[in-house]
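Engineer: Spelled out, the chains give:
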Amino acid sequence: MGRGVTTINWVSRFMYWIAGAALLCIILITVSDIILRRFRTGIVGTYEIVGFLGAIVVGFSIPQSFLDKAHVIMDSVTKALPQRLQKGFILLTRFLGIAMFGIIGWNLFVMGNELWRSGEGSPTLHWPVYPIAYSLGLCCFVECLVLICELSQELKRSEA
Amino acid sequence: MSITIIGILTIVLLFVLFLMGLEIGISMALAGFIGFAAIVNVKAAFSLVANDVFTVFSSYGFTVIPLFVLMGQLGASAGIARNLYNSAYKFIGHIPGGLAIGTVMAGTAFKAICGSTTATTATFATIAVPEMDRYGYDKRLSCGIVATVGTLGAILPPSVVLIIYGILTETSIGRLFLAGIIPGLLVAFSFAITLFIWCKINPKLGPKGEKSTWRERFASLPPVIWVIIIFVIVVGGIMEGFFTPTEAGSVGTLAVLILVAGKKDINLKGFIKSVMDSLRIACMVFILLAGATILGHFFAVTRTPYTVAEWLTTLPVNRNVIMIIIIVVYLIGGSFIEDLAFLILATPIFLPIAVKLGYDPIWFGIIVCVTCMIGIIIPPIALNVFLVSGITKTPIGIVYKGTFPYLVGMSICLLILLFFPQISLWLPGLLMK
Chain A
1 MGRGVTTINW VSRFMYWIAG AALLCIILIT VSDIILRRFR TGIVGTYEIV GFLGAIVVGF
61 SIPQSFLDKA HVIMDSVTKA LPQRLQKGFI LLTRFLGIAM FGIIGWNLFV MGNELWRSGE
121 GSPTLHWPVY PIAYSLGLCC FVECLVLICE LSQELKRSEA
Chain B
1 MSITIIGILT IVLLFVLFLM GLEIGISMAL AGFIGFAAIV NVKAAFSLVA NDVFTVFSSY
61 GFTVIPLFVL MGQLGASAGI ARNLYNSAYK FIGHIPGGLA IGTVMAGTAF KAICGSTTAT
121 TATFATIAVP EMDRYGYDKR LSCGIVATVG TLGAILPPSV VLIIYGILTE TSIGRLFLAG
181 IIPGLLVAFS FAITLFIWCK INPKLGPKGE KSTWRERFAS LPPVIWVIII FVIVVGGIME
241 GFFTPTEAGS VGTLAVLILV AGKKDINLKG FIKSVMDSLR IACMVFILLA GATILGHFFA
301 VTRTPYTVAE WLTTLPVNRN VIMIIIIVVY LIGGSFIEDL AFLILATPIF LPIAVKLGYD
361 PIWFGIIVCV TCMIGIIIPP IALNVFLVSG ITKTPIGIVY KGTFPYLVGM SICLLILLFF
421 PQISLWLPGL LMK
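Each protein sequence line maps, in turn, to chains A and B.
Count the first sequence with the working numbering and you get residues 1 to 160, in order.
Count the second sequence with the working numbering and you get residues 1 to 433, in order.
No lab work stands behind these hints, which were simulated from the structure alone.
Ideal placement from N, C-alpha and C gives every residue a C-beta, glycine not left out.
Any given hint could be a false lead.
Stated by the list, open to error - Part of the chain B face toward chain A, derived, beta carbon under 10 Å:
#1 19
#2 23
#3 24
#4 301
#5 302
#6 307
#7 312
Based on the sequences and whatever the hints tell you, model everything.
Structural biologist: Right, here's the structure in full:
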């Protein structure tokens, strides 16, 4: 399990770097487009490229942001409960998180399949849209693995 | 089962999930998914969650969020806030409570490039509190003002809260930015007045600092001028239609990066940290937005917002009373759930009511943001108070006590803005016809 956790942490960190690179690409492309527009040669399809990069920025940040506990929770009630109940709620919420990300990830793959079959592309550049759906689905599955690792670590701690 | 009962059960489920400690964004997505499946069918609910996540994450308009967050993080990491604080300190540090009033001035100026309340609070907790400690300022006063001044990030442009409100309600972000300027300055002024009165009553709370020469004062001004230039480029660019908000975010971020890199105020490590911190905050916001979109689609099927709007607008009371009820709901909701999360959850429900009552959506956005500002520092969930307490190692109770005097000023400002909408709407009306 230890190796699995290390691998997941590494994958999450790697994805986070990709998200960071995508964010910087958005800045570069947008600013270049503004400058080139002054010369009447703006970058065609900036709107779509930025949208696609935005999906990478957010999607690829999900696993690391959950590892960093960056998300908003309301724990004032559970904190006041006895330790055993607290642990029970942690296990339950991790399980619900896995279920939700599993559902979203699976259906993003279904959506990707449909987009692939229909050959739907972006309006201006006609770039295929399905890779974005698959990428986001993949991010959700990695997030499931992050939550599974947390769940198993929590279970181990409960046994100890 | 009728749609109304499913609607009520889903709302109950949502709050149970919140109380269990599940992430707010995931709670909204899960409750929305289950409710939608119960009303329409499971297959449609599967399709809904995938579509909503895909649409929110790949939306061009939403990319503005990480960009403005990065702009603020860069400014915070590179010491721009410290320079602004030094400048304000040199001008008014020598009067009683001057360091604290300087914090208000520097915080207000820093908001011109930083849209994040937490980044501002954390930055000033690191810079201003030790300085005020050095001059023997009372901890209530020093920690209280730092926790409070960070709230200005919710209203002064380029506020991330205003951007999210604009995207959620499809109102012009440029107009919202302009509408936030005068109310933001009004609230900042109320902080300065509160400090002045507090130190006048008890001068021991905020002793005088050293007096600077006029030469020192003018020498400290260039960082302020740079911030004003970047602010004018960003907000002026949106206002004049040169940029979309996303483009303005990119231009502003690049301008701040060039400024801080040119002055060697940031190294590669600091830059990477800023990018990573921005991703973390942006991801948190996007998960909230995706969850709220799924829940919003469920609400649309149940027609809950319209039913609530119908009911509230037919109440035999003045429309201002209804607006005060809405504000109280925001305050109570924001006290128990994080304020931004509650804004994302509640705005799609309350905006139709405000519009139906004849209020301007831009004005409503400002009212919601000022309400959020109050919510950020009132118990039990007061993010800024926790942050200041953690950074300065001061007991939470002392920080809370320090924030209470400013709540009076903020509440008065809220009432002024409520009864005089032209204060918010005058500037966008004048500059964006």
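Engineer: For each hint, tell me whether it holds in the structure or not.
Structural biologist: Evaluated hints:
1. 19: Check passed: Cβ of residue 19(B) comes within 5 Å of chain A, closer than 10 Å.
2. 23: Holds: closest Cβ of chain A sits about 4 Å from residue 23(B), inside 10 Å.
3. 24: Given a least distance of 5 Å, the restraint on residue 24(B) holds.
4. 301: This hint is violated: residue 301(B) lies away from chain A, its Cβ roughly 18 Å from the closest one there, beyond 10 Å.
5. 302: Hint violated; residue 302(B) Cβ to chain A Cβ min 21 Å, cut 10 Å.
6. 307: Violated, because the Cβ-Cβ distance from residue 307(B) to chain A comes to roughly 26 Å (cut-off 10 Å).
7. 312: violated, 26 Å
The structure is inconsistent with the numbered hints 4, 5, 6 and 7, although it conforms to all the rest.
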